[in-house]
Amino acid sequence: MFAFIVRRLIQAVVVMLVVAMIAFYLFQFVGDPVSIMLGQDATDADRIRLTAELGLDKPVVLQFYQFILNAVQGDFGISLRQGQNVSTLLLERMPATFELSIAAAVIALVVGLPLGVYTALRRNGSMANAILAFSLLGVSLPTFLIGILLILVFSVQLGWLPSYGRGDVIKIGWWSTGLLTVDGWKHLILPAITLSLFQLTLVLRLVRSEMLEVLRADYIKFARARGLTNRAIHFGHALKNTLVPVITITGLQLGGIIAFAIVTETVFQWPGMGLLFIQAVQFVDIPVMAAYLCFIALIFVVINLIVDLLYFAVDPRLRSSVGRGGH
Amino acid sequence: MRRLILATALSVAFALPTAGFAKTLKWASQGDILTLDPQSQNEGLNIQANLYVYEPLVRYDENFKFEPALATSWEQINPTTMRFKLRPNVKFQDGTPFTAEDVVFTFQRAAAPTSQFKSYVSGVKEVKVIDPLTVDVITDGPNPVLLRQLPVLGMMSKAWSEKNDVMLPQNFTDKQETFAARNTNGTGPYMLKSREVDAKTVYVENPNWWNKANKKGNVTEIIYTPIKQNATRTAALLSGEIDFVLDPAAQDVGRLSKEAKVVSGNEYRTIYLGMDQASPELKYSSIKGKNPLKDLRVREALYQAIDINAIQKAIMRGESVPTGAMISPQVNGYTEAMGKRLPYDPAKARALLKEAGYENSLDFTLDCPNNRYINDEAICQAIVAMWAKVGVTASLSTMPRATYFPKMAKRDTSVYMFGWGVPTFDALYTLQALIRSKGEGADGSFNYGSYSNPKVDALVDQIKVETDQAKRNAMIEEALMIHAQEVGHIPLHDQVIPWAMKKNIDVLHRADNRIVVEWVKIN
Numbered sequence: 000m001f002a003f004i005v006r007r008l009i010q011a012v013v014v015m016l017v018v019a020m021i022a023f024y025l026f027q028f029v030g031d032p033v034s035i036m037l038g039q040d041a042t043d044a045d046r047i048r049l050t051a052e053l054g055l056d057k058p059v060v061l062q063f064y065q066f067i068l069n070a071v072q073g074d075f076g077i078s079l080r081q082g083q084n085v086s087t088l089l090l091e092r093m094p095a096t097f098e099l100s101i102a103a104a105v106i107a108l109v110v111g112l113p114l115g116v117y118t119a120l121r122r123n124g125s126m127a128n129a130i131l132a133f134s135l136l137g138v139s140l141p142t143f144l145i146g147i148l149l150i151l152v153f154s155v156q157l158g159w160l161p162s163y164g165r166g167d168v169i170k171i172g173w174w175s176t177g178l179l180t181v182d183g184w185k186h187l188i189l190p191a192i193t194l195s196l197f198q199l200t201l202v203l204r205l206v207r208s209e210m211l212e213v214l215r216a217d218y219i220k221f222a223r224a225r226g227l228t229n230r231a232i233h234f235g236h237a238l239k240n241t242l243v244p245v246i247t248i249t250g251l252q253l254g255g256i257i258a259f260a261i262v263t264e265t266v267f268q269w270p271g272m273g274l275l276f277i278q279a280v281q282f283v284d285i286p287v288m289a290a291y292l293c294f295i296a297l298i299f300v301v302i303n304l305i306v307d308l309l310y311f312a313v314d315p316r317l318r319s320s321v322g323r324g325g326h
Numbered sequence: 000m001r002r003l004i005l006a007t008a009l010s011v012a013f014a015l016p017t018a019g020f021a022k023t024l025k026w027a028s029q030g031d032i033l034t035l036d037p038q039s040q041n042e043g044l045n046i047q048a049n050l051y052v053y054e055p056l057v058r059y060d061e062n063f064k065f066e067p068a069l070a071t072s073w074e075q076i077n078p079t080t081m082r083f084k085l086r087p088n089v090k091f092q093d094g095t096p097f098t099a100e101d102v103v104f105t106f107q108r109a110a111a112p113t114s115q116f117k118s119y120v121s122g123v124k125e126v127k128v129i130d131p132l133t134v135d136v137i138t139d140g141p142n143p144v145l146l147r148q149l150p151v152l153g154m155m156s157k158a159w160s161e162k163n164d165v166m167l168p169q170n171f172t173d174k175q176e177t178f179a180a181r182n183t184n185g186t187g188p189y190m191l192k193s194r195e196v197d198a199k200t201v202y203v204e205n206p207n208w209w210n211k212a213n214k215k216g217n218v219t220e221i222i223y224t225p226i227k228q229n230a231t232r233t234a235a236l237l238s239g240e241i242d243f244v245l246d247p248a249a250q251d252v253g254r255l256s257k258e259a260k261v262v263s264g265n266e267y268r269t270i271y272l273g274m275d276q277a278s279p280e281l282k283y284s285s286i287k288g289k290n291p292l293k294d295l296r297v298r299e300a301l302y303q304a305i306d307i308n309a310i311q312k313a314i315m316r317g318e319s320v321p322t323g324a325m326i327s328p329q330v331n332g333y334t335e336a337m338g339k340r341l342p343y344d345p346a347k348a349r350a351l352l353k354e355a356g357y358e359n360s361l362d363f364t365l366d367c368p369n370n371r372y373i374n375d376e377a378i379c380q381a382i383v384a385m386w387a388k389v390g391v392t393a394s395l396s397t398m399p400r401a402t403y404f405p406k407m408a409k410r411d412t413s414v415y416m417f418g419w420g421v422p423t424f425d426a427l428y429t430l431q432a433l434i435r436s437k438g439e440g441a442d443g444s445f446n447y448g449s450y451s452n453p454k455v456d457a458l459v460d461q462i463k464v465e466t467d468q469a470k471r472n473a474m475i476e477e478a479l480m481i482h483a484q485e486v487g488h489i490p491l492h493d494q495v496i497p498w499a500m501k502k503n504i505d506v507l508h509r510a511d512n513r514i515v516v517e518w519v520k521i522n
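If you're matching them up, the sequences are chains A and B in order.
Under numbering that gives the first Met the number 0, the residue at position 326 of the first sequence is numbered 325, and the numbers go up by one with no gaps.
Under numbering that gives the first Met the number 0, the residue at position 121 of the second sequence is numbered 120, and the numbers go up by one with no gaps.
One should not assume that every hint holds.
What the hints assert, rightly or not - Taking beta-carbon pairs under 8 Å as the criterion, some of the chain A residues facing chain B (in silico):
1) Arg-46
2) Arg-80
3) Gln-81
4) Ile-147
5) Ile-150
6) Leu-151
7) Val-155
8) Gly-158
9) Ser-162
10) Gly-164
11) Phe-267
12) Leu-275
13) Gln-281
In short, the hints are calculated from the structure, not lab data.
Here a beta-carbon is modelled for each residue, glycine too, at the ideal position from N, C-alpha and C.
Next up, chain A with everything else stripped away, as it sits in the complex (with noise of 0.2 Å):
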């Protein structure tokens, strides 16, 4: 087990190296901060000074390892759209982001998991289809449409709810929370649904499948010769062994969520992680892309480790496989 874990870390130093590397050979193309900084006004000379102060006439080399080196004492350097510690933005803005996304999550879930469940029981029933093909408008339209579309709907239209920002935050410590204003929550409804619209139809659909291929079983048929009650079988046994595959996946996603919240942040200007990427991309903030790609990196990793490490849990099959060394 402990074997099983430190593999998994040295594998994960290995991927966020190459991330950061291709990342940083990534940016070369993708224009010059400097003529964004200095204006219409700047003279060639002005050009030279700022680019050398920035470091950026360096070979490429060079700027990585020095960007390795400093990354490893946690000093991602200075924004160059706004002048301030890029480590300090990611912080303020990272509160904003996991709000959002595991908002999105737990709509996913909570109304994805009982939703699959009942498609797979009444499988041929009008209510279970007219869900199913509601559900593929949830994967077929686009995140920015869907978000725009409860725009006009909700707060153009009705009034009903704000139509961008996160609304009044509470400061406690370093981490700022919309959760505990009515305002906070008021603007987080229409994104996190936005956001979680996708990964439902996920839920649903593989929740659906994965149980009626375990209602096939034979051991359901031998629980129900057995007299146990509907509620026993389907709640005790099915779901229980449907859940492994969603464990996956919904793990999968919520890196997904996390990292590419980027679209929704965008239209509905949650001041998150995914939004400061969008605006650095536009500048050619070189370090602030470069450390969201790292960050991100380091998310997916630890949501892969964990995810790993719930299966040890929930499955005692391989518990005693890994248990018994290389049998």
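Since chain A is already given, all that's left is putting chain B on it; use the hints.
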């Protein structure tokens, strides 16, 4: 800070009624205010926001004439010295008095190597304190446009800057965020209340503003929120969450003028095409051995093949002002005669090309940005089609500003689109950067086509130092007319900027795309 946020949250939760006298202006545009240090970024929105808090020595009134701000009067005591008398009894927001020392300090800081505001104090050799309320600004040579450089230079407090270690504007190699990026201390009509980078910046009225009695508007609080996405920005205005949008998307202007209010006006920015007239062979053309753009007939043909009125109608939806001049009408030196374009005449264009020997054989690449000017990409696509009609094959290359402007700065182009704003409202700014040949400092710094005419260069150099207004304007006219006759660039149009707002807001549109909030009235 934490208590402030808690208090705000609680008051929202209890939904206290707002006081009747508080008039809040909530406004938005695409980008955020980059920094609160007034000299660290030379960018339109940043300058605008910092002018709520910091004030210049002189400022423009509604008609772009000079009006006293922190200086009550000025006098040219000799050709290189301008004496400013400062306003008495003005206090910074921390209570300290504004004196001549602060003026000297501000000029020095703006000229520091790490400042992005150097162009606004270019030509200033020294600023001397004569007495606590009088300064002399001494320039390298006679500078007829000195005053025009000053309306965006906000005065900073020397004492405050010393205390908070911000004697210099942000130095990126120091890797430290400076105090001035998040904190302010000015003399102006508004004070900073809170700043959440990329989320919300709030200003409140400065109760000790020296000009409070004459304030024309009634805004007591400003809440600025950036909203990047076009559709969301429009939705926020329509749903009533914000009162004003500086840059509504072009496709929403029609709807906004019906459901809200749109005020349009000319911007001081002229959009034009530049052409490489110096290379012996065009970089991006299949024609080898010669440069067709060196031939005046070819340049004229390209000019006359463009139907700018069709572009105005179909692409700009009426929101542009076609022009034959490289400067907009608000800029000093403009004359009606300059504004007249060469007529749209595709037949003549074909004839000229034939005469020059390029009938149906001229080709090159047209470079355009796709996220900088209003409808930039669409305009270029239209121009390419118009040129195709007269037998010119132009292939279009568009890219985002982050890659476009560095490419242009390297002069890596044959024909390109560009836009030039004139923050000094004086033609020299354009003549020097775009039309004069490349030289020292700002000379020809943006003349990427390398247009060059020694007579024009001589005129521009004289215009820099001529102090007699009438003589100077005559020289400006002459230089611009020579350039126009030689088709050094192809002017297209001046941009029109629509501002969108709720129906109960009165605002004066300005050609420099800045809202002067102390003039805004909320009814």
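Interface hint status, Gln-81(A) versus chain B (Cβ within 8 Å): holds, 6 Å
Gly-158(A) as chain B interface residue, shortest Cβ-Cβ below 8 Å: holds, 6 Å
Cut-off 8 Å, beta-carbon criterion: hint that Gly-164(A) touches chain B: With Cβ-Cβ at 6 Å, under 8 Å, it holds.
Ser-162(A) as chain B interface residue, shortest Cβ-Cβ below 8 Å: Hint holds; Ser-162(A) Cβ to chain B Cβ min 5 Å, cut 8 Å.
When the least beta-carbon distance from Arg-46(A) to chain B is tested against 8 Å, hint result: holds, 7 Å
Interface hint outcome for Leu-275(A) [beta carbon to chain B under 8 Å]: Cβ of Leu-275(A) sits 7 Å from chain B, so the hint holds.
Restraint satisfaction for Ile-150(A) [CB to CB of chain B, less than 8 Å]: Holds - the Cβ of Ile-150(A) comes within 8 Å of chain B, reaching about 5 Å at its closest.
Restraint satisfaction for Phe-267(A) [CB to CB of chain B, less than 8 Å]: Constraint on Phe-267(A) satisfied, holds at 7 Å.
Hint status (Cβ of Gln-281(A) to nearest Cβ of chain B, threshold 8 Å): At 7 Å from the nearest chain B Cβ, Gln-281(A) passes the 8 Å test, so the hint holds.
Restraint outcome when Arg-80(A) is required to lie within 8 Å of chain B by C-beta distance: holds, 6 Å
Interface hint for Val-155(A), Cβ within 8 Å of any Cβ on chain B: OK, holds: Val-155(A) within 8 Å of chain B, min 5 Å.
Restraint satisfaction for Leu-151(A) [CB to CB of chain B, less than 8 Å]: holds, 7 Å
The earlier numbered hints are all upheld by this structure, with none contradicted.
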